[in-house]
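**Student:** Construct all of the structure, not just a fragment, from the sequences and the given hints.
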Amino acid sequence: LIGAVASYLAGNLPGKKAGVLPGIVATTFSALTFANVYLNSKETLAGKVLELDLGNWFLNIDFTFTLDVLSTVFCLVITGVGTLIHIFANVYMSSEGGRDRFFSYLNLFLFFMLMLVLSSNLPVMFAGWEGVGLCSYLLIGFWYKDKANSLAAKKAFVVNRIADAAFIAAMALVYKATGNFSLSGLPSIEESSLIALLFFIAASGKSAQMPFHVWLPD
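Residues 10 to 227, numbered by this note's numbering, are exactly what the sequence shown covers, in order.
Hints are supplied without guarantee of correctness; some may be wrong.
Heads up, simulated DSS-like pairs for lysine-lysine below, C-alpha to C-alpha not over 30 Å straight-line [what the hints assert, rightly or not]:
hint, residue 1, residue 2
1, LYS164, LYS215
2, LYS154, LYS215
3, LYS163, LYS215
4, LYS185, LYS215
5, LYS154, LYS164
6, LYS215, LYS156
If you are wondering where the hints come from, they were derived from the structure by calculation, not from laboratory data. Since the model is a prediction, treat every value here as computed from it, not as a measurement.
**Tutor:** Below you can see the structure in the form of structure tokens.
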């Protein structure tokens, strides 16, 4: 998140070198995040669980994060592959304008993906989930002056929102069954086939599986 802000500000510094700074800054923060996850991975992959509690926010929802075996693997993939994408993008976007926006969006994308996989409950996961959708919209429509790109971004955004309705419905059913939104309580829910189906629909939409793939050709 700091990298997203810093890379945008770096691109607005005076001088010609400001054009390459956003990519350098964003890639550095992505690599540092990967290094941070890697340094903790030996303990967490061995079974240690790290938790961060940012307190109780609105609607009695705890804003908490958990780094365990599963989330460690996801974080390594997100930040490791994400850093490689940043490196590639530095070359691919070298002749383009608006690199401050582009690399800020990329770092923001990583932030929301990490929020998604580190969340300890469904509302925090949904915040990351929606953030990923927002960044997809921003990146698909990066060349917004081209009408085709703007329309493609809108189409992706709308299709994702339809699928996200299934996530909201699943959350409501989880709360009805358990009285909370904790991920740890999901396995104890009886008659959970509908909840599983709704989450499957949501995941299908987020990963552009049929029939939610229609925006990909655009």
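**Student:** Hints first: check each against the structure and report whether it holds.
**Tutor:** So, going through the hints one by one against the coordinates:
A C-alpha spacing of about 13 Å is found between LYS164 and LYS215, which places the hinted pair at or below 30 Å, so the restraint holds. Pair hint LYS154 plus LYS215 holds up; C-alpha atoms about 26 Å apart against a cutoff of 30 Å. A hinted pair counts as satisfied when its Cα atoms are at most 30 Å apart, and LYS163 with LYS215 qualifies at roughly 15 Å. Only pairs whose Cα atoms come within 30 Å are accepted, and LYS185 paired with LYS215 is accepted, the gap being roughly 24 Å.
For the given pair, LYS154 sits about 16 Å from LYS164 by alpha-carbon distance, which is consistent with the 30 Å threshold. With a CA separation close to 24 Å, the supplied pair LYS215 and LYS156 stays within the 30 Å bound.
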